[in-house]
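Which chain is which? The protein sequence lines are L and G, in order.
Using our numbering, the first residue of the first sequence is number 122, and each one after it goes up by one.
Using our numbering, the first residue of the second sequence is number 315, and each one after it goes up by one.
Be a bit skeptical, because a hint or two may be false.
[Unchecked claim] To spell it out: a stretch of chain L is covered by chain G in this simulated footprint if at least three of its residues, at any positions, have a beta carbon under 8 Å from a beta carbon of chain G; those stretches are:
{"id": "1", "stretch": "303 to 314"}
{"id": "2", "stretch": "397 to 408"}
[Said to hold, decoys possible] Chain G stretches covered by chain L per the calculated footprint, using a threshold of three residues with CB under 8 Å from any CB of chain L:
{"id": "3", "stretch": "470 to 483"}
{"id": "4", "stretch": "486 to 498"}
Keep in mind that the hints were calculated from the coordinates and are not lab data.
Just so it is clear, CB atoms sit at the ideal spot from N, CA and C, and this is done for glycine as well.
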Amino acid sequence: MRRGSLLDISGLRVIFHTYRGTIKALNGVELWLNEEERLGVVGETGCGKSVTALSVMRLIEQPGEITEGSIWLNDKDLLKLSEEEMDRIRGKHISMIFQEPIAALNPVFKVGFQVAEAIAHSQGITIKDAYPQVREALEMVGLDWQRTIDLYAHELSGGMAQRVMIAMALAVKPKLLIADEPTSALDVTIQAQILELLDKLVTVSQSAVVLITHDLGIASEFCDRVAVMYAGNVVEIATSEEIFSQPLHPYTKGLIDSIPVVGRSKELAGIPGVVPDLVDPPSGCRFHPRCKEVFDKCHTELPSLSQVKPNHYVACHLYQ
Amino acid sequence: MVGTFIVLGFILLAIFAPLLSPYDPIKTNLPERLRPPSKEHLFGTDQFGRDILSRVIYGARIEVWIIFLVTVISGAIGIGVGITAGYFGGLVDEILMRITDIFLAFPRLILAMALSAMLGRGLTNAILAISLVEWTVIARLARAEAMKIKSQPYIEAIRAVGASNFRILFLHVLPMCLSPVLVQLTLRMGTIILTAAGLGFLGLGAQPPTPEWGAIVSDGRSYLVQQWWISTFPGLFIAVVVLGFNLLGDGIRDILDPRLRR
């Protein structure tokens, strides 16, 4: 059963082998996405947002390992492709933007060359032939190509570097763009500019977006739907409005209550307890030790993600 | 500073050997044999009447040639093995590094001797033998660099663009590994001369009448008490040039290591 027309991740499990034991980083992640749709993925540090993104790119490296699940992109299961076939998918059908834009550029090559390399790879042309498109791509993200094309990564500001990364990612007109915390390393005014730019360009290139962020505000503003992750599971998926107005999962409620609002007299509510150690995760629902509405079933059984309202999915025993 | 001058002098000596040397380094002149240092023969002559000064000057050419070839060959093997092991990791790394360990388990000179004895006498085989001993250090260094670079975000980013392993390895990892490897190769040039001279002295390296320094020292062995000059002058040159390379290496390290810079 396919839920999204572009991307459908189901039952994805990823583990990391460490000296302390096996970290069960993803515990059956379910996500899906239609063409041109924008999905926000939110959650705390270490909940598996980035691991999910890297799994879609098949960039999980040792000691990590994808043990179960499937990732369908259109009619291909990415987890069953050979490395060569995957090389053709990456950078052509899926591109990615990273958190630290300056570190994501090779320090010894000029920016223009790196954008050219990305374009050349995706279209199978030589790097030299790609340069006219490099100029276009740099103009597209609002950079003066004559000034930037010959610069090195360390000569760029964070905002400029992120624009270059966006140019690289969108010059190939991907079907799916994965943006892994694209604005976390930037200051607030630049954040707004970059998001606005992304919004504009993604509309033009008709790409679907998975936006990974820990900022619920950014996610709901930019995206059509928001998925909330906790300790390796997707616990709730709803439209951007509904996730704020009618959160169902106790964790989502806790997250929304812990957003400070100017002028509110009520004391800021947090979620008690800490994020569990994923070497030895809690049994049953991984959220149950911190949950206010916990009952006996939560200790033993992992709730599955199921639809409770149209377009509103939640993984919690309270609603089943 | 001193190191730079010595090495520079050594290289100039090699380049301008035909202009600087007063006699033919290979032509024998038996009436003039075993002459002590004098105005005509500054360093004296050997048992065949060949001018030691000319032989030492031409010897510089041989040494430069040895250094160049060994550096290129061992550098290429070392970098190739090192970055492959470091980049791919896992089983590949394990196999390549254990092979490296096998080479490292033998004392250098002994291994070089064994290899050149196996390959047969001669300059080319000696160069090959020394290269086969020298690459291990470079391999370890390149591996460490490759491991460091592999985990950089821009490698992940370029993989996300869809670059193949081969492309990443040669276009993005290799250039980043080069600078420490080049420094290490410079640092090792003194050792290369010593090993080459050692092999030459044992008769495993350059064959007579090639004026290799180690071989000249070996020529004068049986005359050491009466005709000391035959062995002494090439020996001195070996010592000074090796010292020069070591001083130069120290200097380069000091310049590149910001902690030692004042």
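Within 8 Å of chain L's CB atoms, at least three CB atoms from the stretch 486 to 498 of chain G: coverage verdict: holds (count 3)
Three-residue Cβ test at 8 Å for the coverage of the stretch 303 to 314 of chain L by chain G: violated (count 0)
Given coverage of the stretch 470 to 483 of chain G by chain L, tested with a Cβ cutoff of 8 Å and a minimum of 3 residues: Three-residue rule met by the stretch 470 to 483 of chain G, so holds; n is 10.
For the stretch 397 to 408 of chain L, do three or more residues have a beta carbon lying closer than 8 Å to a beta carbon of chain G? Our answer is that it is violated, as 0 residues pass the Cβ test (under 8 Å) against chain G, missing three.
Hint compliance for this structure: hints 1, 2 are broken, all remaining hints hold.
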